[in-house]
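Chains as they are written, first to last, in this note's numbering: chain Y, 1 to 157; chain X, 1 to 157; chain E, 1 to 157; chain F, 1 to 157.
Source of the hints: derived by calculation from the structure; they are not laboratory data.
Quick caveat, the model's predicted, so the values are computed rather than measured.
The reader is advised that the hints may include incorrect statements.
[To be verified] Label pairs and their computed distance ranges (CB to CB):
1) Asp67/E - Pro14/Y: 57 to 65 angstroms
2) Glu145/Y - Ser124/X: 54 to 62 angstroms
3) Ser124/X - Ala68/Y: 43 to 51 angstroms
4) Ala18/F - Asp67/X: 42 to 50 angstroms
5) Ser40/X - Glu145/F: 30 to 38 angstroms
6) Thr128/E - Pro13/Y: 52 to 60 angstroms
7) Pro13/Y - Pro13/X: 34 to 42 angstroms
8) Ser40/X - Gly31/Y: 52 to 60 angstroms
9) Lys139/Y - Lys132/X: 50 to 58 angstroms
[Unchecked claim] Derived DSS-like pairs: lysine-lysine, alpha-carbon spacing no greater than 25 angstroms straight-line:
10) Lys29/E - Lys71/E
11) Lys71/E - Lys131/X
12) Lys139/Y - Lys29/Y
13) Lys131/X - Lys71/X
14) Lys139/F - Lys131/Y
15) Lys139/X - Lys29/X
16) Lys139/Y - Lys131/F
17) Lys139/E - Lys131/X
18) Lys71/F - Lys139/F
19) Lys29/E - Lys131/E
20) Lys71/F - Lys29/E
21) Lys71/E - Lys29/F
22) Lys131/Y - Lys71/F
23) Lys71/Y - Lys139/X
24) Lys29/Y - Lys71/Y
25) Lys71/Y - Lys29/F
26) Lys71/X - Lys131/E
27) Lys29/F - Lys139/F
28) Lys139/X - Lys131/E
29) Lys139/X - Lys29/Y
Note that beta-carbon positions come from the ideal geometry of N, C-alpha and C, so glycine has one too.
Number of protein chains: 4
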Amino acid sequence: MLNISVIGGSEVPPETCAIAREVGRLLAKGGATVFCGGLSGVMECVAIGVREENGLVIGILPGTDPDAGNKYLSAAIPTGLGYARNFLVARAGKVVIAIDGSTGTISEASFALTEGKTVISIGSYEITPNKKGEGRFIKARTPQEAVELAFQIAGEE
Amino acid sequence: MLNISVIGGSEVPPETCAIAREVGRLLAKGGATVFCGGLSGVMECVAIGVREENGLVIGILPGTDPDAGNKYLSAAIPTGLGYARNFLVARAGKVVIAIDGSTGTISEASFALTEGKTVISIGSYEITPNKKGEGRFIKARTPQEAVELAFQIAGEE
Amino acid sequence: MLNISVIGGSEVPPETCAIAREVGRLLAKGGATVFCGGLSGVMECVAIGVREENGLVIGILPGTDPDAGNKYLSAAIPTGLGYARNFLVARAGKVVIAIDGSTGTISEASFALTEGKTVISIGSYEITPNKKGEGRFIKARTPQEAVELAFQIAGEE
Amino acid sequence: MLNISVIGGSEVPPETCAIAREVGRLLAKGGATVFCGGLSGVMECVAIGVREENGLVIGILPGTDPDAGNKYLSAAIPTGLGYARNFLVARAGKVVIAIDGSTGTISEASFALTEGKTVISIGSYEITPNKKGEGRFIKARTPQEAVELAFQIAGEE
Chain Y
1 MLNISVIGGS
11 EVPPETCAIA
21 REVGRLLAKG
31 GATVFCGGLS
41 GVMECVAIGV
51 REENGLVIGI
61 LPGTDPDAGN
71 KYLSAAIPTG
81 LGYARNFLVA
91 RAGKVVIAID
101 GSTGTISEAS
111 FALTEGKTVI
121 SIGSYEITPN
131 KKGEGRFIKA
141 RTPQEAVELA
151 FQIAGEE
Chain X
1 MLNISVIGGS
11 EVPPETCAIA
21 REVGRLLAKG
31 GATVFCGGLS
41 GVMECVAIGV
51 REENGLVIGI
61 LPGTDPDAGN
71 KYLSAAIPTG
81 LGYARNFLVA
91 RAGKVVIAID
101 GSTGTISEAS
111 FALTEGKTVI
121 SIGSYEITPN
131 KKGEGRFIKA
141 RTPQEAVELA
151 FQIAGEE
Chain E
1 MLNISVIGGS
11 EVPPETCAIA
21 REVGRLLAKG
31 GATVFCGGLS
41 GVMECVAIGV
51 REENGLVIGI
61 LPGTDPDAGN
71 KYLSAAIPTG
81 LGYARNFLVA
91 RAGKVVIAID
101 GSTGTISEAS
111 FALTEGKTVI
121 SIGSYEITPN
131 KKGEGRFIKA
141 RTPQEAVELA
151 FQIAGEE
Chain F
1 MLNISVIGGS
11 EVPPETCAIA
21 REVGRLLAKG
31 GATVFCGGLS
41 GVMECVAIGV
51 REENGLVIGI
61 LPGTDPDAGN
71 KYLSAAIPTG
81 LGYARNFLVA
91 RAGKVVIAID
101 GSTGTISEAS
111 FALTEGKTVI
121 SIGSYEITPN
131 KKGEGRFIKA
141 RTPQEAVELA
151 FQIAGEE
């Protein structure tokens, strides 16, 4: 199983959506199973990309209604945990790709780092791990760079 | 999304495995996405059945290793929650089909009932909901009966 | 830390409440920290008993409002997990005392057994663990018997 | 119930410990129930402070052993969720006080902000909420300022 989680804002401008979609396409082409939060914005755009390449994209939803996810998901898991489902999104992937976003995305990215996972970020904010055992926070400039790094790092681990 | 969860023992005799496999086949034929605990026994047998009909079966794993699941899963979600992942399995489906099992299965079935979901049981134990708002516990004798009931009830809700 | 969890129905007759209250009193006298689901019925009655003996009783709440718990709790933890907080109640105690209840209580008791914990039951239903590694399900007739067993078993582990 | 969560690094220099201890003292004096992650560093120092003023401090532990917490806790809840217990620490308090720390603390602080809670930070990093519904991130220079703000904001909500 090559699980990659993609996290990011639920309200994003078209250029960010285009980045997420391209990330989705490239991950699906490479054979990854993609996990996301299942809702709008980056979560929807990445799902569009994955489906364009006939990949598998699974949404981990905050609520209890499986139909609350975006319509591009291959499958949706209603957790009923509220935003605490963020931690499950971070745990689902061997590597996490973060695209923009606000505090929800930061909670997922920093949690992944705490658990020793690499977070590859296409976006503006920085998180600086400073403790032994924490994962690496790596900036990528393009979807291609982010996905290549993700596959490389997932392969090492 | 038509999510059905299938729960049951991790160590089962061949005849129970055959039941789980047939349940998996019938759910996949009917277009359901099947959720299970991702490990051995009923969880593996139902996955075999789902894949025989080219369906989608997702394992919600207790540990953090995505490769700890059985090899028939379409996708595996490592949760790191230990057996507390049981409640996620119960929440994932609109209806839960229970096939045999011990206390782990009972925890999932009774939790689903607490949340108002119908549990269709092919097996020996009984749970008797006695409070308003709890779901129904229905016995089925065959995989066919269980799956027909599951689709009917999921359609009503 | 000697944590004991007490679980049971949210709507109970006076005689069941009296049992829970006596369990609470005896646990507090013995120096246990008592965990419960924080709401009404057995959860409230056990809290009354604990406070009568100046003990510590902590409610693990399903919602996000700390004030939704009963007024006898020493502290209330709002989890926002819904009934999935049941698993936390079961995990909090070294031993679990179950007093009556319906599917919610069964989900907690069976989950505790799955995790290898002893469940001491004053009530009508039976759970029969049948797998290696599962805890023991023991019936007690009186609060005294239940609490003595709980302290004895917690001391062994 | 006036619950305040205090989060921060598990390895801190003496001056940070002194800050956490003073925060604990002032919260206990003001009648708050203090929640923390239950381990070392800020979690232990705040507990020392709370106990010096005879307050109540509850540790929400990542593991399953109630005795893994620091010895100053009034009560310890073993969750078995690993670092996913971070979200429970963030949910437990009406307001969160963050003292230094690395990615674990950032995951708790950003999660609290996502859920609309105010985070009062005595430390070096910044989180900038940029979405409607997110909580406020406020910097405080001293324990006195942080605790006064915490009580004031908890009272408003």
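Satisfaction of hint between Lys29/E and Lys71/F, Cα-Cα up to 25 angstroms: Given pair Lys71/F, Lys29/E holds - Cα atoms ~21 angstroms apart, limit 25 angstroms.
Agreement of Lys29/E and Lys71/E with the hint, judged by alpha carbon distance not exceeding 25 angstroms: Since the Cα atoms of Lys29/E and Lys71/E sit roughly 20 angstroms apart, the hinted pair holds (cutoff 25 angstroms).
Pro13/Y paired with Pro13/X, Cβ distance criterion 34 to 42 angstroms: Hint violated: Cβ distance 57 angstroms, outside 34 to 42 angstroms.
Ser40/X versus Gly31/Y beta-carbon gap, inside 52 to 60 angstroms or not: violated (25 angstroms)
Assessment of proposed distance window 52 to 60 angstroms (beta carbons of Thr128/E, Pro13/Y): The hinted range 52 to 60 angstroms holds for Thr128/E and Pro13/Y, with Cβ atoms some 58 angstroms apart.
Whether the CB-CB distance between Ser40/X and Glu145/F falls inside 30 to 38 angstroms: For Glu145/F against Ser40/X, whose Cβ atoms are near 56 angstroms apart, the range 30 to 38 angstroms is violated.
25 angstroms Cα cutoff - pair Lys139/F, Lys131/Y: The hint holds at about 23 angstroms.
Distance restraint between Lys131/X and Lys71/X, which requires alpha-carbon spacing of 25 angstroms or less: violated (40 angstroms)
Distance restraint between Lys71/E and Lys131/X, which requires alpha-carbon spacing of 25 angstroms or less: This hinted pair holds, its Cα atoms lying about 24 angstroms apart.
Hinted pair Lys71/X and Lys131/E, Cα distance within 25 angstroms: holds (24 angstroms)
Range hint 54 to 62 angstroms (beta carbons of Glu145/Y and Ser124/X) holds or violated: Since the Cβ atoms of Glu145/Y and Ser124/X sit about 56 angstroms apart, the hinted range of 54 to 62 angstroms holds.
Restraint check for Lys71/E with Lys29/F, where alpha carbons must lie at most 25 angstroms apart: Cα-Cα ~21 angstroms, so holds.
Hints 1, 3, 5, 7, 8, 13, 18, 19, 23, 25, 29 from the earlier list are contradicted by this structure; the remaining hints agree with it.
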